[in-house]
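Undergrad: The residues making up each chain are set out below.
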Amino acid sequence: MKQTANFPKVATDMFMVQLIWTAGFLGIMLIVNIVKLIIAGNQGNLAEGFFNSLFVAGGIYMFVLGILSIYFLPHFVGNGVTRKDYFKGTVLASIGISIVIPIITMIITVLEKFILNIVGLSYKEQTINNVDLDGNIIGDIIQSAIISPYVDPQNNWILAIVVLSLNIFVNYLIGWLIGSSFYRFDVAVSIGFIFIGLNIKMLKDTLLRISLELPIPGWYSMLDFLPFSIAILGIVVLILLSIWIIRFMTKRVAIKM
Amino acid sequence: MNVKAEKLQVKYGNHSALKDVSFELNGNKIYGLLGRNGAGKTSLLSILASFREPTSGTITINGETPFENPNIMQQVAFLYNKDYKDESDNVIDMLKDVQRYRPNFDMDYATQLVERFNLDKKKPIKQFSKGMQSSLNVVIGLASRAPLTILDEVYLGMDAPSREIFYKELLAEQEKHPRMIILSTHLVSEMDYLFDEVILINEGSILLQEEVDSLLSKGATITGDVELVNEFVRSMKQINVRQLGNTKSVTIYGELSEREREAAFDKGLEIAPVSLHDLFVHLTQGGIEG
Chain A
1 MKQTANFPKV ATDMFMVQLI WTAGFLGIML IVNIVKLIIA GNQGNLAEGF
51 FNSLFVAGGI YMFVLGILSI YFLPHFVGNG VTRKDYFKGT VLASIGISIV
101 IPIITMIITV LEKFILNIVG LSYKEQTINN VDLDGNIIGD IIQSAIISPY
151 VDPQNNWILA IVVLSLNIFV NYLIGWLIGS SFYRFDVAVS IGFIFIGLNI
201 KMLKDTLLRI SLELPIPGWY SMLDFLPFSI AILGIVVLIL LSIWIIRFMT
251 KRVAIKM
Chain B
1001 MNVKAEKLQV KYGNHSALKD VSFELNGNKI YGLLGRNGAG KTSLLSILAS
1051 FREPTSGTIT INGETPFENP NIMQQVAFLY NKDYKDESDN VIDMLKDVQR
1101 YRPNFDMDYA TQLVERFNLD KKKPIKQFSK GMQSSLNVVI GLASRAPLTI
1151 LDEVYLGMDA PSREIFYKEL LAEQEKHPRM IILSTHLVSE MDYLFDEVIL
1201 INEGSILLQE EVDSLLSKGA TITGDVELVN EFVRSMKQIN VRQLGNTKSV
1251 TIYGELSERE REAAFDKGLE IAPVSLHDLF VHLTQGGIEG
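Going line by line, the protein sequences match chains A and B.
Residue numbers are given in the working numbering: position 155 of the first sequence equals residue 155, and the series is strictly consecutive.
Each position in the second sequence, counted from 1, maps to that position plus 1000 in the working numbering.
It is worth saying that the hints were derived from the structure and are not from the lab.
We put the CB at the ideal spot given by N, CA and C, even for glycine.
Take the hints with a grain of salt, since some may be wrong.
[As the list claims (entries may be wrong)] If we take Cβ atoms under 7 Å as the criterion, some of the chain B residues that face chain A in the derived model are:
#1 1051
#2 1068
#3 1074
#4 1128
#5 1157
#6 1237
[What the hints assert, rightly or not] To give an idea of the interface, some chain B residues facing chain A are shown, with a C-beta separation under 10 Å as derived from the structure:
#7 1052
#8 1161
#9 1263
#10 1265
Just need the whole structure built from these sequences, with the hints factored in.
TA: Right under this line is the structure:
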């Protein structure tokens, strides 16, 4: 008895579960941001927009979501779904979530801007891209891990959505990669994968900065001679490589019981 | 349904959990997989369910390798003593989820079972007691109606009335919707009447695979006067001895001939069938050598 492929079902289920979590996350972020705006308005300060708040927090959120996604594997295999269908479904769902978050964020940002115009509050100037690496290695690593190349939605909203999508998608993949390594290997090997994940992030950021003609600090700054097209290609290769490593680790993995 | 294993081996580091295991299962029967703790039952079953690959050897289900084979994996349901400590869904949501992936799942029957086991439909599963979580596994296992249903010690923590419901439902289901069921257990005395065939596994090897009736004819319990019993069983393999006053009861391993039966009858000795429990203990432990 032939069965239809299961991965579209997995993709739908993974997307829906993560979408519900995301709604909670965005809701909390929105409340926090409204409180911040009220405080800024009362004190006569400039506003930190929703887009910018989410730009940093969304990256961390997607990293955590990626780590959690490996724990759906036993659930699916236990229901007779192959590791391959789980993998395909999860990739599709993560792309979906990576697109949905920036779009919702942008819609909220437009509404926010409309309201701020009425009450006469203006946005702070953003300095996210002026990453200040000062040679303190721990500080530099943490900064590299958290901050991604930024495009101001006021300048180019389409590009801002694309860049945010790309940033959070790669963060999800890194989380999934590290989660998978902890599922498959012992702690020592998995710590190696944290290091690999960090390097994927920094390499992607550097290539993206080259593509966006932003200042290039950090470990991979020697790559700044690369032309735009190679940088874009490099990002694609990096994403495919991450996905391939995840598949390689989970392809034949034993399910923990 | 056909399951065939050839020279299966599973190694965890230096430890061999399964050693050259070969067997064949055929048809819609209830198989009892018996073995002591750590005998290799769960390792074997997790290979059937594609939870892991064997270190070496082959396994086929209906002629195909099950691992990462979507057609086979959908037909195999493996329920085990799972930890639901992080499961915040309630029973109904969980069953709906299973229904999406199990083509033969019967939601009406599942709901009936949930009521029979008295499971709270609204409570998050993580708040269930161990026995209730086990009942949930039974519900999923039975209602999925997978052509190969594997229940690995699913009764753990269930109270006696719940286990009774489980056994009754299992037999009723098997009559209405026959399939191959593998029950792994060490509660032998309680579940022996459920099995059509028994597979005995010990220290990673298959000791025997036999129909229950023919297995039980391999032993007998002789009861009577101490001296008469002693004389009768002198040359036989004794696996269990009980004595109360002047009456002795000895369980032997080995088939009694017609002549021996007549001799026992003449001496006024009583012959009763051996229990699967006694055989299990004897065969997996070495027993009491006479």
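Undergrad: So, as I understand it, the hint says residue 1263/B touches chain A; can you test that by seeing if any CB pair is closer than 10 Å?
TA: Status violated, d = 52 Å.
Undergrad: A closest beta-carbon separation below 7 Å is what the hint needs, so does residue 1237/B meet it against chain A?
TA: Because about 38 Å separates residue 1237/B from the closest Cβ in chain A, which is outside the 7 Å limit, the hint is violated.
Undergrad: Should the interface hint for residue 1074/B be scored as holding, given a Cβ-Cβ cut-off of 7 Å against chain A?
TA: holds (4 Å)
Undergrad: Holds or violated: is there a CB of chain A closer than 10 Å to the CB of residue 1052/B?
TA: Cβ of residue 1052/B sits 4 Å from chain A, so the hint holds.
Undergrad: Checking hints one by one. Is residue 1128/B an interface residue toward chain A, by the C-beta closer than 7 Å rule?
TA: violated (17 Å)
Undergrad: Would the stated hint for residue 1157/B survive a check requiring a Cβ distance to chain A of less than 7 Å?
TA: violated (16 Å)
Undergrad: Would you check whether residue 1161/B satisfies its interface hint, that is, whether its CB is within less than 10 Å of any CB in chain A?
TA: Residue 1161/B check fails; min Cβ-Cβ to chain A is 27 Å, beyond 10 Å.
Undergrad: Using 10 Å as the Cβ threshold, decide whether residue 1265/B counts as touching chain A.
TA: violated (52 Å)
Undergrad: Given residue 1068/B was flagged as interface, is its beta-carbon under 7 Å from a beta-carbon of chain A?
TA: holds (5 Å)
Undergrad: Holds or violated: is the Cβ of residue 1051/B closer than 7 Å to a Cβ in chain A?
TA: holds (4 Å)
This entry does not satisfy hints 4, 5, 6, 8, 9 and 10, going by the numbered hints stated previously.
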